[in-house]
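If you read the sequences in order, they're chains A and B. Those letters in the first sequence? Residues 1 to 123, per full-length UniProt numbering, in order. Those letters in the second sequence? Residues 1 to 123, per full-length UniProt numbering, in order.
The reader is advised that the hints may include incorrect statements.
Claimed, not checked - Lysine-lysine pairs mimicking BS3-like chemistry, simulated, CA-CA at most 25 Å apart:
(1) B:K30 x A:K64
(2) A:K96 x B:K30
(3) B:K40 x A:K6
(4) A:K121 x B:K14
(5) B:K121 x A:K6
(6) A:K30 x B:K96
(7) B:K30 x A:K30
(8) B:K30 x A:K40
(9) B:K30 x A:K6
(10) A:K30 x B:K6
(11) B:K121 x A:K96
(12) B:K96 x A:K121
To be verified - Here chain A is said to cover these stretches of chain B; the calculated rule only asks that three of the stretch's residues, wherever they fall, bring their Cβ under 8 Å from a Cβ of chain A:
(13) 15-22
(14) 33-47
To be verified - Which chain B residues face chain A? A few, computed with CB under 8 Å, are given here:
(15) L7
(16) N9
(17) R11
(18) G28
(19) T97
(20) I101
(21) I102
(22) A110
(23) Y112
(24) L113
(25) N120
In case anyone wonders, no lab produced these hints; they're calculated from the structure. We put the beta carbon where it would ideally sit given N, CA and C, even for glycine.
2 protein chains.
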Amino acid sequence: MEEEKKLINVRNNKEYHCPVEAALDVIGGKWKPLILWQLKETEVIRYNRLQQNLHGVSPRMLTKQLRELEEDGLVNRKMYPEIPPKVEYSLTEFGKTVSPIIEALCDWGAEYLERQCTLNKKE
Amino acid sequence: MEEEKKLINVRNNKEYHCPVEAALDVIGGKWKPLILWQLKETEVIRYNRLQQNLHGVSPRMLTKQLRELEEDGLVNRKMYPEIPPKVEYSLTEFGKTVSPIIEALCDWGAEYLERQCTLNKKE
DNA sequence: CGGAATCCCGGGAGATACTG
DNA sequence: CAGTATCTCCCGGGATTCCG
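Let the hints inform the model, and build the full structure from the sequences given.
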């Protein structure tokens, strides 16, 4: 009786065994949490500024991640038809629902670092 | 005045610009959140059971992730000197502090999937 | 049973250069 | 300014085999 609830993502037809997997697909990885953190902090941000604040990201990667976030409905992309071009990114309403998680991640990371520091002094 | 606070992880001497990065190093990646979710759900779990529940993970990867979690103080490894061997994994007290984040991730993932489903019906 | 060791491959991701 | 395009390389990680 291997009764298992199947979870399916209708966007890409991916199958999951646990909602955590789905969440990781959407907001996981090396850059997305940092992008989301930036967007949460600044409300609205331009491409170049974003790249500067995400130390070491290549334009290729940044664009890729932003497109995915956009497709998943977390991020707005607003383009101004000017020269030179100007593009602003911001969180959608749905995108804002991840902010508590990012903040929790940030808090936990800070505690972790502090703990590491404490442990190091003791030994 | 590029005044930037540097965050250093004393364990591996890595440098971060934001605590989120540190958190991702410790509990990020493809498997760790799922491992932590399993440990949170079952309290104590043996290696084999863990591998079965994490669909598709290779022993190599599972062991690697578990060792890292152990080194970071999130996971206990208890070995019974028997034949056949028996090894049990569980969360440390510090490891339990990530449970809220994992749960939040799970809840958010479920909402995301539901949202995708709703959007799909509309169009 | 719970791993360790070895081999090996694909593609994720960096570097660089270019463009509307 | 905000991205593409192309090339390349490295290594994450799967498969397999073996061990205490």
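Task: Structure versus earlier hints - violations, ascending order - done: The structure breaks none of the hints.
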